[in-house]
Each structure stands twice: as C-alpha cells, then as structure tokens.
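For this one, chain U is given, so just place chain X on it according to the hints.
Protein sequences, first through last, are from chains U and X.
Going by our numbering, the first residue of the first sequence is number 16, and it counts up by one from there.
Going by our numbering, the first residue of the second sequence is number 16, and it counts up by one from there.
Keep in mind the hints are simulated off the structure, nothing from the lab.
Fair warning: this is a prediction, and the values are worked out from it, not measured in the lab.
There is no bait here: all hints are sound.
According to the in silico footprint, chain U covers these stretches of chain X (three or more CB under 8 angstroms from chain U):
1) 34-40
2) 131-145
3) 160-172
4) 181-188
For every residue, glycine included, the Cβ atom is placed at its ideal position computed from N, Cα and C.
There are 2 protein chains.
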Amino acid sequence: MGDTRERILEASAELFRRQGYVGTGMNQIVAEAQAALGSIYHFFPGGKQQLGAEAIRRSGELYDALIDTVFDAAPDVVAGVGDFFRGAAEHLEVTGFADACPIATVALEVASTDETLRRATADVFERWTANAAARFRRAGMPPARAQRVATLLLALLEGSFVLCRAARSTEALRVAEHEAVALVITALRLAADDAPLPTGSPR
Amino acid sequence: MGDTRERILEASAELFRRQGYVGTGMNQIVAEAQAALGSIYHFFPGGKQQLGAEAIRRSGELYDALIDTVFDAAPDVVAGVGDFFRGAAEHLEVTGFADACPIATVALEVASTDETLRRATADVFERWTANAAARFRRAGMPPARAQRVATLLLALLEGSFVLCRAARSTEALRVAEHEAVALVITALRLAADDAPLPTGSPR
Chain U
16 MGDTRERILE ASAELFRRQG YVGTGMNQIV AEAQAALGSI YHFFPGGKQQ LGAEAIRRSG
76 ELYDALIDTV FDAAPDVVAG VGDFFRGAAE HLEVTGFADA CPIATVALEV ASTDETLRRA
136 TADVFERWTA NAAARFRRAG MPPARAQRVA TLLLALLEGS FVLCRAARST EALRVAEHEA
196 VALVITALRL AADDAPLPTG SPR
Chain X
16 MGDTRERILE ASAELFRRQG YVGTGMNQIV AEAQAALGSI YHFFPGGKQQ LGAEAIRRSG
76 ELYDALIDTV FDAAPDVVAG VGDFFRGAAE HLEVTGFADA CPIATVALEV ASTDETLRRA
136 TADVFERWTA NAAARFRRAG MPPARAQRVA TLLLALLEGS FVLCRAARST EALRVAEHEA
196 VALVITALRL AADDAPLPTG SPR
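So that you can see chain U by itself, here it is in the shape it has in the complex (with noise of 0.2 angstroms):
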C-alpha cells in the first residue's frame, strides 16, 4: 500500500517537472504510476492541490540530498559547486533536456494562482538556499554574504536551466558553472580578508 502512495508521488513529481503541474491530469499519473484512480484519492484526499503540494516537497528534500551528496563527496564548496552545476548538465543532456529542476516549472505556473503550492515551492527553494548557505558559511564566508552567495546560485542554475531547456544546449550551464566557481571564489578570498588578524602580529 505504502508502495501505491510512493509511486504515485513519484510518477507526479516527473510529470510536473516535464509537463508541469496545469498540463498534467490524474489520468495520465494514475497511467504512469500503475495505480487506480480511487488509490489516487485514498491517498490524496486533497485530490491534484495535496498531491501537488506533497510531490513538490518530495521533490524538494530529493534535491536537497542531491547537494549534500555532490557537497560531501568534494573536496571543498569550491568544487562542490562546479560538480553541482557540470552534473546538471550532464544530467540535462542525458534525459534530452527534460530534467532540470524538479519544481520551478510549477513554480511558475502557480506562483499568482494557488497560494498553498506557491508556498511549498517558495519553503523548497528556502531550503535549498539554506542548505547551500551553511555550507559557505563553515567554508568561512560570513552569515549575510553565505546567504546572498547561496541566492545568486541558485538564481543562475534556475536560470540556467529555462535557457538550457529551450535551447536543447547545455551552453548557458557551462558558463554559469564558470562564473558560479569564481563567485564563490572570490566570496572565500574576502572572507579571508575579513577574517581578524591573529593576535600580536603587525598592524
């Protein structure tokens, strides 16, 4: 049973990124997740609006295990990012530019139409904004800057990926991963710089 509930959100979560969330029907989740329409709304009395809601936080924390995986296996945040954003590339391209991110697709359809799934996508974006951020953070980079470093990433990958999507190039990724390296570069070099004189040396 936990199994139907599981494949429903998951055949949900690719549908919206693909499609989106309007232009995907009960019909066709039900068809992709090999479930029974009632099954869809014993699990999801809210019926579309709570499967909505459910899938793109799902989608969310998938994500969010995505960064601590590629930031974990680096390194330093410095490669991190520039595994983070070759890896979407790469991932981009291998799924003939369907994959990209998982929510904004939906972000964007209902961002001035439905205020409970217009909050699930701005909490996830937080998240994923926070996750980053205190990474810079324990790399050395102070509180405001992290936060500021961590928005600026995420703006260009989301970016990245409308231009990437539309144009079936991965191009504009491969030049955000270069500028988003140097950003994050520069960020450590001033945090040094900040960073106190260590007691009794020259002035």
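Then chain X, alone, in the frame of chain U:
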C-alpha cells in the same frame, strides 16, 4: 479588424505570462480580449499553438524594445544593467509578483512537449542575448566575452524571477542586480587590460 487581432495577441501574452500556456483556455482568452471565439480561429487558423507561437514572438519583440529603451536612456552599459534589474524588481512588486519574464513559464512547460513553441522561446532568448551582447561589444568587450556576459545576465534575471515570484519578495532580484553590475564592470575592466598598447609605447 486588425484591432481584434491585436487584442487577442495581447490578452494571450498576458495570460501566458501569468499562468502559463497550458492552463490558459481559449475561452479565457476570448473573455479577456473581448472577442468572439470565431474571431480567434479567423485570425489564428492554427488555433492555440499558432496563437502561442505568435504571442511568444510578440512578447519577445516588446521585451527587446524594453532592453533598447532602458539601455539607450542610461549613460553607459553598467548603469543600463543596474536600471534593468531595478526596473524588473519594481515592476514585479507593482504587479503583485505576476509580471516577470513574459515567456519563461511557457518555455518550461513546452520545452519537452511542443517543438514549435520551444523553438519560438529559444529564438526569443537568443534575440535578447544578442541585443545585450552587441551593447557589451560596443562598450569594449571582445565578442566571446560579451556573449558570455549577456547569457549570464539573462540566466541571473530568469532565475531571480523564479525565486522572486515563488517567495513574493524582490530579494533575489536585488542581490542579482548587485552581482550583474559587478560582473559587467569586471568584464569591461578585463577588456581594457586586453587592449593592445598604443604604438610606440614602452612594452
């Protein structure tokens, strides 16, 4: 008659921008444009897809003209970039976070599902990038760098729009504005360093 066609295109473009292509029905377009359903099929015999493609290209032209207006009014490209991001943030706030990029929602929805519309969005992004890149070249950047900077700024703008609409806050655009200006200043400074030394000057 030409008037009705215009009203239909304008209403379509506005609805696509706010809620996407998929969720916009012909009846809603008819109501917004104060036109008869028959007149849509008279002016756009290809139906919703033709209307979609023309609305995308039309929005592309209008936004391209906005780039011209903002940059032509600014004393230099650096100020122009700052003005453009600031103007986007103000417009977003004034419209209750509805009016961001006119084609990004549609671009994400159709990228994997409608090749005609995907191409229309790709052409528009290319046109905007080319406009900005030409301005950066005239300001002294070598062509390849001008192109990269234009791509980065558009990615930053598009990604910030996603985050700002989701959060109902202009924070991401404010951060992006600062970074975009810094990026252009750095790229212009590098361009000055690249310039050949005047003949006869010491090496």
